[in-house]
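Engineer: From just these sequences and the hints, can you work out the full model?
Number of protein chains: 2
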Amino acid sequence: MANDREPGSQVFKRIAIFGVGLIGGSFALALKKAGAVQQVVGVGRSLASLQRAQQLGIIDQIAGSVEDAVRGSDLILIAAPVAQTAAILSAIQPHLQPGTVVADAGSTKADVVAAAREMLGDKLAQFVPAHPIAGRELNGPDAALTDLYVGKKVVITRLPENAQADLDLVAAAWRQCGAIIHYLSPAEHDAVFASVSHLPHLLAYALVDDIARKPHAERLFQYAASGFRDFTRIAGSSPEMWRDITLANREAMLQELDSYTGQLARLRAYLQAGDAAAIEAVYANAQQARHNWITAIESAEKQRKDGGD
Amino acid sequence: MANDREPGSQVFKRIAIFGVGLIGGSFALALKKAGAVQQVVGVGRSLASLQRAQQLGIIDQIAGSVEDAVRGSDLILIAAPVAQTAAILSAIQPHLQPGTVVADAGSTKADVVAAAREMLGDKLAQFVPAHPIAGRELNGPDAALTDLYVGKKVVITRLPENAQADLDLVAAAWRQCGAIIHYLSPAEHDAVFASVSHLPHLLAYALVDDIARKPHAERLFQYAASGFRDFTRIAGSSPEMWRDITLANREAMLQELDSYTGQLARLRAYLQAGDAAAIEAVYANAQQARHNWITAIESAEKQRKDGGD
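Protein chains in written order, with our numbering: chain Z, 13 to 321; chain P, 13 to 321.
It is worth saying that the hints were derived from the structure and are not from the lab.
One should not assume that every hint holds.
Note that identical chains are pooled: a pair holds if it fits in a single copy or bridges any two copies.
Said to hold, decoys possible - Taking lysine-lysine and the DSBU-like style, the derived pairs with C-alpha atoms no more than 30 Å apart in a straight line are:
#, residue 1, residue 2
1, LYS25, LYS226
2, LYS226, LYS135
3, LYS25, LYS135
4, LYS226, LYS164
5, LYS226, LYS44
6, LYS135, LYS314
7, LYS135, LYS317
8, LYS226, LYS165
9, LYS226, LYS45
10, LYS314, LYS25
Structural biologist: As structure tokens, this is what we get:
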């Protein structure tokens, strides 16, 4: 089977997925489409989700137990809300054999690495922490998409203990989903995503909740329009998942939140003083920075398309 | 000409538009398409914009002076950035004849009403303040769209001095653009839009500027993804226009900003204390409120389509 594939590609005999929703389900669908896996088994809290994932062709089999899932798999992907990672690693540990690599897909990394250090003991080297930067506001197996990861980044936060072969195995799996691999340290990762993802989620949830609690909330929502809709789109995401992420990345979140509230205090002072030039300077710098960012993304996207298939 | 039109529709002989960009240009295009105006004349700061608007068929003629524009027009629309409203009203006043109605399209209303009271004197009753709730991040005549206002709200903040016939005239013009007319007092209007539009703009600009000023800004933008893109879309808007709106609506903005920073302070305390239940309660309430809002919009949209053409 490996013969008719590109050099460097990887065919997995058996992959076990903990959590067959949007993230885990899309991973399985993409690998199946690429012909990169022979069998996918699913594990999870909800039998209904597992059955639905089987119906949808995301998994071939529901594992009877954690032990069944772990034994005989080349690769295990943990794709459950981050607060469950420690318990899942602890359940996996006794059954984990040499030659099996465990990866996760959590949106925070320092806490996941700490959990792995605590739970995996001398099997820690077999764990490769990673975070695919892709998502939708929808959850569950029905939200899974074959092309969710195409052109998206996956950040691997390697451990000093990891063997290069295991890192390459995880990278190869994600590349076969269409993703582009980046490397950061866990602390770098968490600081970056607190800033550009986790804090914006908190800010959007905070605004909608603040408005919803006002006595005249109904009138306010009546006049909310497309700008409000886009600004708050991320407040449509799973509260449980984002509660976990917010707490898992607490230190970086507090730092980013303090930086942002300092910025709001400055703007409040400009507004109070009627300082038009200072307000315009902030707005104009933001508009320009966003414009540069969008231009850079679009140019990278174009290069990828031109250089790729 | 009035014979072959629906009852209640209005044909304007001549409309003058101050500011032939996105808002004024789309108004002209929509009325022309509806056959609701015989001649549109344009006035503005930039001759190049006026010439472009004429090329695009938005206006039929460039007014040689404010006096030329005002005399002989049934309706005058002021569609320039709100900070210019007072100067424009002051220029219009000496030439304003009985029988001509002046409307504006500004995003703030209390300041516009105050400017009208100061500048128009005994001609105040001829001024109908209004705010079309529609926009794009693009500006200028080339951004104008014939259907920008279809299904969108226009809020009229009537003055006690306004004659019903003049209010009806302005409402009829906007209805012929496809808009739905709502009425609020200027103070109600400004409080509502501070909450659901002006504050979100300030928050989005503040976040992008905060990130752009960090020493590792380049890395941060590198990992920003679709959630960040939507959250900050409104920070792509005109800094000049939003500087003016922020300052024009200062009192309501300060109040909304203080409410929001109070909310952020509560969330910071929950985060510091690791209070998962309190964080989830805010996130879940926001998600639910947003879901209800989207459902209500979609149902209103459906009713409008089913009940309309």
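Engineer: Hint by hint, work out which the structure violates, then give me just those numbers in ascending order.
Structural biologist: 1, 2, 5, 6, 7, 9 and 10
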